[in-house]
Amino acid sequence: MSLFGKSSAIGNRLRDKSQNITDTNLLLIITIVVFFIMYIGAMLFLGKGFLKPQTLFNILNANAALIILSCGMSLVMITGGIDISVGGVTALVSMSCAVYLDYHNGNVFTAILLSIGIGLAFGLIQGFLIAYLDIQPFIVTLAGMFFARGMTTIVNTNPFNVQNKEFVALKETRIIVPGLGSTNKAGNYVDAYVEIGVIVALIVVAVLFCLLKWTKLGRGFYAVGGNNQSALMLGVNVKRTKFYSYVICGLLAGIGGFVYFMHVGSGSASHASGAEMNAIASSIIGGTMLTGGVGNIIGTLFGVLSLSIIQNIVASVGLDQAWWTGITIAAMLCLFLVIQSVVMSRKNIAAFKPTAKKAALSKEQREK
Amino acid sequence: MKSQSSTLKKPTSFFTWLIRRQIFIPIAALLLLALFNLIADPSFFKITLGYNSAGNPVLSGYLITILDYGSELAILAIGMTLVTAASGGQDISVGAAIAISGSVVLRVLCGTDSRPETLHAPIIVAFLISCVVAMLFGAFNGALVAFFKIQPMVATLILFTAGRSIAAWINNNELPIINEPSFGYFGGFIPGIPIPTPFFIAVACMIIVALALRFTNLGLYSQAVGVNNKSSRLNGLDPEWIKFLTFVILGLCVAVAGFIKVSRLSSINYSVIAKDIEMDAILAVALGGNALSGGKFSMSASILGAYVIQFLTTTLYKFDVQSDALSAYKAVVVIILVVLSAPIVREKLSALFKRLKLRQPSKEGC
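Those protein sequences? They're chains V and C, same order as listed. With my numbering, letter number 315 in the first sequence gets 315, and the count goes up by one each step, no holes. With my numbering, letter number 62 in the second sequence gets 1062, and the count goes up by one each step, no holes.
In short, the hints are calculated from the structure, not lab data. In this text, a Cβ means the ideal position worked out from N, Cα and C, and glycines have one as well. Don't take each hint at face value.
[Said to hold, decoys possible] Partial selection, computed: residues in chain C whose CB lies under 10 Å from chain V:
{"hint": "1", "residue": "Phe1148"}
{"hint": "2", "residue": "Ile1150"}
{"hint": "3", "residue": "Val1154"}
{"hint": "4", "residue": "Arg1164"}
{"hint": "5", "residue": "Glu1278"}
{"hint": "6", "residue": "Gln1322"}
{"hint": "7", "residue": "Val1339"}
{"hint": "8", "residue": "Pro1343"}
{"hint": "9", "residue": "Val1345"}
[Claimed, not checked] Below, a sample of chain C positions facing chain V; criterion: calculated Cβ distance under 10 Å:
{"hint": "10", "residue": "Asp1324"}
{"hint": "11", "residue": "Ala1325"}
{"hint": "12", "residue": "Val1338"}
[What the hints assert, rightly or not] Simulated coverage check for chain V against chain C, where a stretch passes if three residues somewhere in it have a Cβ under 8 Å from a Cβ of chain C:
{"hint": "13", "segment": "50–57"}
{"hint": "14", "segment": "120–134"}
{"hint": "15", "segment": "218–225"}
{"hint": "16", "segment": "265–277"}
Let's have the full structure, built from the sequences with the hints guiding it.
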């Protein structure tokens, strides 16, 4: 199957140039359209809160960590793997930082280094096991997730709020967005704001976008995910590329963990429960294919936004019981998985049927 | 590696024969754990006959606990082994599915009343309905995997997220409690019999599966599909249907396990019931020496693996490890297991052994 996948991928790229739309773009466009339809729909039918720009910023504030985690997840998924330890790492990072800051009077800078260190350690070990020892990524990262969750309770059992002054000052920092304020119920003008985490998240998105688009390593991720074998023949160091993807994902999980910690300001073993799930869901909704080789960071950003918009809509429609969130996310994930599956089968059929036509077409293009 | 060892054609002693057998791995793990406990605290193996609050004779002791609580795991391991063999992936939604089927049992028994005086339906009806529901959810997973070609673990991730929410939704987020003592028999003790009932249920399941594997082609077909999807198709099998079927069978196992779990408490807690059991079930399959990437399997090794996992859990509990921290230790065990079973590591190890063997005779010659 992988063999056919390769030929179809190459064929598609050539053929799609004439149609000006690739699978990556198709999935990306679906996501962005779905996001705007939902947001505009919410504005029209639910009004109120959705008309204020601050609602959008609040969504960003609450999901900055998720955006960072999802970016790492997308990267790994583009190479054809998966990493479900990110939620556990987030919990472990926030708990470790909380304990370090409050019980050991640490400073914020070292805490940031600590969180990056934890993330990197997870990335390095998991990456080594998956890339060099060829163990199924799901098993390794499942173990990683349970290990991280277990370690969190070993570090400290009880949830608590951090009182460290430096940290609280950092947590309370608001960056005001000029010109987008609104008047609150009392009639006072309130500036629209974002938290520091959002800036970090946007920087991560930008950096990863550039990495994937214009660097050798970034293109290597796509090559490895699209087809292991042909990437190897093209001279890509497959194992090292996979290894790097997990290391970067781990690093981002560490950073995301700290951003999460900055948002909630407390340590708890139940933090970020299900974050890995949301990250996978957003990546899939953002058009990253589970089979690897297809994906886009911008899509992931919109995936996260779509996911939280639908949660907000569900809440404001009145279905505010806790279980609706889980069910809607699962339903949405299911829908997008089926869309992907259909796209994939369409691709496979296209690879088989008009072989002669395509061969002629690709020859033509090569001559051009 | 297997072909290498067969070409060597050494005279095989009983010991080497045992080592080659797949069941050797769980047995070795079991012996290791037993030895550890024997040294640390021999009272681990003490079994006492006592009387419970209802005045019935019951056996108690750590070994009985293992037999008791390992039963659900063994039942799940049966289904998980089949799914692993056929689809080359694992179902991570079993914990959530147990919550759903348990919730269904309580819903049928209690109706809309959360503290019923009498049961609204016979227990067997509730059990059968929960079986149907669990099989439907299994069919949902199976359809995603088989017909939409989504990786099993990702497809089951959907139910993994939604499952506990659905379970809460079925009972309107109430926590019904059943006072009927006969409902508790299935997760506890039947009056007059000192051995816990879940063990009998597990044995019954094992017998059924053994018969199914012996007299039907289920085992052969699921292995064939797992070994090579394409060639099994060329041989006239329907791989999609078989994958689908294994997920439905797992659904049935989930219903049985869920029924026992609910019967233990006569109640349910949606977020805690069968927590992390998916990890244990996968671990049981891995510990049984089955390849997690599909293909050949050994059912007895998986079942023994499940009891070994419970042995490990009980041992950890005995040494006052917190229940939340358990997963960290188990994760380490998983990592060690998968590293040892990775083909690359195995090759390196066998090469190392060969070098050692070659070196030894030369030393003797000197």
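Against the structure, the hints come out as follows:
no.	hint	verdict
1	Phe1148	holds (4 Å)
2	Ile1150	holds (6 Å)
3	Val1154	holds (6 Å)
4	Arg1164	holds (7 Å)
5	Glu1278	holds (9 Å)
6	Gln1322	holds (6 Å)
7	Val1339	holds (6 Å)
8	Pro1343	holds (7 Å)
9	Val1345	holds (6 Å)
10	Asp1324	holds (4 Å)
11	Ala1325	holds (5 Å)
12	Val1338	holds (5 Å)
13	50–57	violated (count 0)
14	120–134	holds (count 4)
15	218–225	violated (count 0)
16	265–277	holds (count 3)
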